[in-house]
Amino acid sequence: DSGVTQTPKHLITATGQRVTLRCSPRSGDLSVYWYQQSLDQGLQFLIQYYNGEERAKGNILERFSAQQFPDLHSELNLSSLELGDSALYFCASSVLGASSSEGYTFGSGTRLTVV
Amino acid sequence: DAKTTQPNSMESNEEEPVHLPCNHSTISGTDYIHWYRQLPSQGPEYVIHGLTSNVNNRMASLAIAEDRKSSTLILHRATLRDAAVYYCILSGYKIIFGKGTRLHILP
Chain F
1 DSGVTQTPKH
11 LITATGQRVT
21 LRCSPRSGDL
31 SVYWYQQSLD
41 QGLQFLIQYY
51 NGEERAKGNI
61 LERFSAQQFP
71 DLHSELNLSS
81 LELGDSALYF
91 CASSVLGASS
101 SEGYTFGSGT
111 RLTVV
Chain L
116 DAKTTQPNSM
126 ESNEEEPVHL
136 PCNHSTISGT
146 DYIHWYRQLP
156 SQGPEYVIHG
166 LTSNVNNRMA
176 SLAIAEDRKS
186 STLILHRATL
196 RDAAVYYCIL
206 SGYKIIFGKG
216 TRLHILP
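Top line first, the protein sequences correspond to chains F and L. Each residue of the first sequence is one higher than the last, beginning at 1 in our numbering. Each residue of the second sequence is one higher than the last, beginning at 116 in our numbering.
By construction, these hints were calculated from the structure, which means they are not laboratory data. One thing to keep in mind: the hints can contain errors.
Stated by the list, open to error - Residues of chain F clear of chain L, computed beta-carbon distances all greater than 10 Å:
(1) S2
(2) T13
(3) R18
(4) L30
(5) S38
(6) P70
(7) E75
What the hints assert, rightly or not - Where chain F lies over chain L, by a calculated footprint (3+ residues, C-beta under 8 Å):
(8) 130-140
(9) 211-219
Ideal Cβ positions, reconstructed from N, Cα and C, are used throughout, including at glycine.
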């Protein structure tokens, strides 16, 4: 157990639907990062939050949004889902943020299947 | 964003040392070099990181070139459980993962 909790572990939904993925960071960590990993693809950085505020943005689609709540958990919302959105979605956390020397702790991911 | 270049795949025999190279010629002075690995069906796992000096921990060693334009992750005695994709990344404003090196361990 890495200390980063992602729920649900698996999710199957239909095209056009909306889903919410949840991430609880490791205790004490202020930063949360979201990554998408499609089959045979590397990890694509989506977005970072630090202490409730958006800190950095990657290749996140307009149909996707995220937020970090006062208790520091984060949610990634995916809407108007397409078949191509099927992927593993990872959350990671760190005490501070990017540009620091610390490593990230990753969760075990949510596997999203769009049918 | 500074980028890294790694071989797509490497092979090594079990119980032998493995040297995984990474080129990062555009590294900035404040970028740390991080290594992560991802086992099948799992999230990435932190391995080691460094700035200028070589680093050792229980998992591996990191050798950093004097000009910092390249680094090498060293697994001293590979086991079958070390078969994974190894990512070399630079800490910066956005943490970007490349394709990594898929390491195969032969029994």
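Evaluated hints:
no.	hint	result
1	S2	violated (7 Å)
2	T13	holds (21 Å)
3	R18	holds (24 Å)
4	L30	holds (15 Å)
5	S38	holds (12 Å)
6	P70	holds (24 Å)
7	E75	holds (18 Å)
8	130-140	violated (count 0)
9	211-219	holds (count 5)
The structure shown violates the earlier hints numbered 1 and 8.
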